Amino acid sequence: MTAPMTAPIATNGARVYRLGEFHRFDAGGAHFLYLVPAGAIFAVDTAVGKLIDCLSSGELPHEQLMEDLAASGLMIEDADELIAEMYHANVIVANDSVPDQPQPLPDVFPIQTLVMNLTNQCNLSCQYCYEFGADKLATPEGKPKFMDLETAKTSVDFLLAQSGDRRSIHITFFGGETLMNYPLLKEVVAYANERAKEQERHIDFSLTTNATLLTPTIIEFLSENHIGVTVSMDGPKEMHDHLRVFANGKGSYDIIEPKVRALIQNHRTRPITARVTLTAGVSDVIRIFRHLKQDLGFHEVGFAPVTTSPNQLYAINATGMDSVLDQFHTLADEYLEHALRGESHGFSNVSDTLAELCQGVNKSHPCGAGLGLLGVGPSGDIAPCHRFVDSDAHALGHISTGIDRAKQADFLRRGHIDSKYDCHTCWARPLCAGGCHHEAFVRYGDTGHPNLHYCDWIRDWTDTCLRIYGAIAAGNPGFLQQFAERKAS
Amino acid sequence: MKHMRALNKKAGRIDDYVVSRTEDVVGLQDHPSTQQRPHVPMGCALMFTPGWEVDAAGGTAGLCQPVERDIYDCFVSCYWPAQVPDHLNNAPDWTAKCATATKDWRNLDLVFP
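So the sequence lines, in the order shown, correspond to chains A and S.
In case it helps, my numbering puts the first sequence at residues -7 to 481.
In case it helps, my numbering puts the second sequence at residues 38 to 150.
Read the hints as simulated data drawn from the structure, not as lab findings.
Keep in mind that the hints are not guaranteed to be accurate.
Now the stretches of chain A that chain S is said to cover, found in silico as 3 or more residues with beta-carbon under 8 Å [to be verified]:
id, stretch
1, 26 to 33
2, 71 to 83
3, 457 to 466
Given the structure is predicted, the values throughout are model-derived calculations rather than measurements.
Note that beta-carbon positions come from the ideal geometry of N, C-alpha and C, so glycine has one too.
Kindly generate the complete structure, drawing on both the sequences and the hints.
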């Protein structure tokens, strides 16, 4: 009465195997593979290592591979099973493996985040500013300096209409200095909440500020409305004041320090983050981190080297970047120790990467700019992101008339990983995808150019974060749960 | 998978795929996980009853368990088409004395229309 069972016909005998695309790493005494381009992370046993070693000098037919594995100590049945497993997971590929096909972008891609530049004015004159500095793209002449309520409301309506059926949507307030248009910010929050409530949806808010204009009233408002705050701050006084200055050249540290302390103490509904711009004179990462995390009490601190053309005095050169990365490694080691104890460390360059590794992202584009994220300038011009706001050359339409689909398609085609030939042999491309569109334009004059000046650093940092991920997975896997729940950025 | 353990979401999806490609035939003696375990209808040879096999002599007399018990499973639950007593019309009480097949199978008798 049993249905007859037939053994599957073996077809693997004719296959010739070679290594697939992966990055091999060790952590916490265990072995791991990061599969490219899938973005998958696997812990592997020693048999996998043997298989990879067998194929590392070139391709082998099935029978030969079986023999080599048997010679390395594997039972013949185990070898067969191992080969099948690795073949189907693409760790090894064969002559009949199907290469990855380019996937077209979906026709409709709902927006998730709208960055509203409430003003293009700023009360500071930071020399490295991408909006006002030497490498600026913005052409604000003749455009409004402050966004008006009408444009802001239209922007909110635009976000609600263009976000499809997304459950959670975000508005990020930006500038200029965001708080120079605080009256509008308040009105936008009220209006957006009201409109979202009508549609039974939820909008999440955040803002970036230089903290100079914070007052107890504003802090209370931010806390009551669960508005996430990122403070642009470059470290202790002498470092912060190096470039973050008022128009008269006076540093801004003394003004913001008490305000930042008040913000961290009184804004209890969202973590407060510091965002540090590293420059030639400000690259003592560890000291900056200690000051912002321990002395001031920021929940998270993130670092990014300044975006600049290479000839600016404040640009970090290659030696400087190596030193920055060395210090990143020290903080990364600390992060791992904290994670193994189940404690939060606060170095967001690690936690942001771990979040992406946990999801296993495999990006078509380096970020959501022009795709799920758009910027809106004070004039209502739509930009790929806040960094392109007020730049006529990069505008993707106007908030009153909608997205210019042709320009958007051009921007996305340039930025797509398939257009970046140099990236195709790089194992770090699932996360990097060529790097920031804005940085690429400043460096190479094309938003779609891969950021080749930091490839080695990206690979080094990705490898570091993979090893942290592996070590946490081996030593305290429960810690990674927070990233599984956190949405991929 | 035997040699790789998935550590992130994408790896989990690859794991599912590889299992579906490599482990669709599993040995029950290897105690496969619930997910991998095949659907085995009650009454098949793998479980309590021996099925419609024949013995070494080509008959049913030498089977380790009698053919009647196997018929019982076809009658109750098995999808496999077999000649079983018609419990709707002619033999509604055929299993009346067989509350638990593993113990009471001897009470099942042949049916003579």
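Structure-based check of each hint:
1. 26 to 33: As far as the stretch 26 to 33 of chain A goes, the hint holds, because 5 residues have Cβ atoms under 8 Å from chain S.
2. 71 to 83: With 9 residues in contact (Cβ-Cβ under 8 Å with chain S), the coverage given for the stretch 71 to 83 of chain A holds.
3. 457 to 466: With 3 residues in contact (Cβ-Cβ under 8 Å with chain S), the coverage given for the stretch 457 to 466 of chain A holds.
Comparing the model with each numbered hint stated earlier shows that all of them hold.
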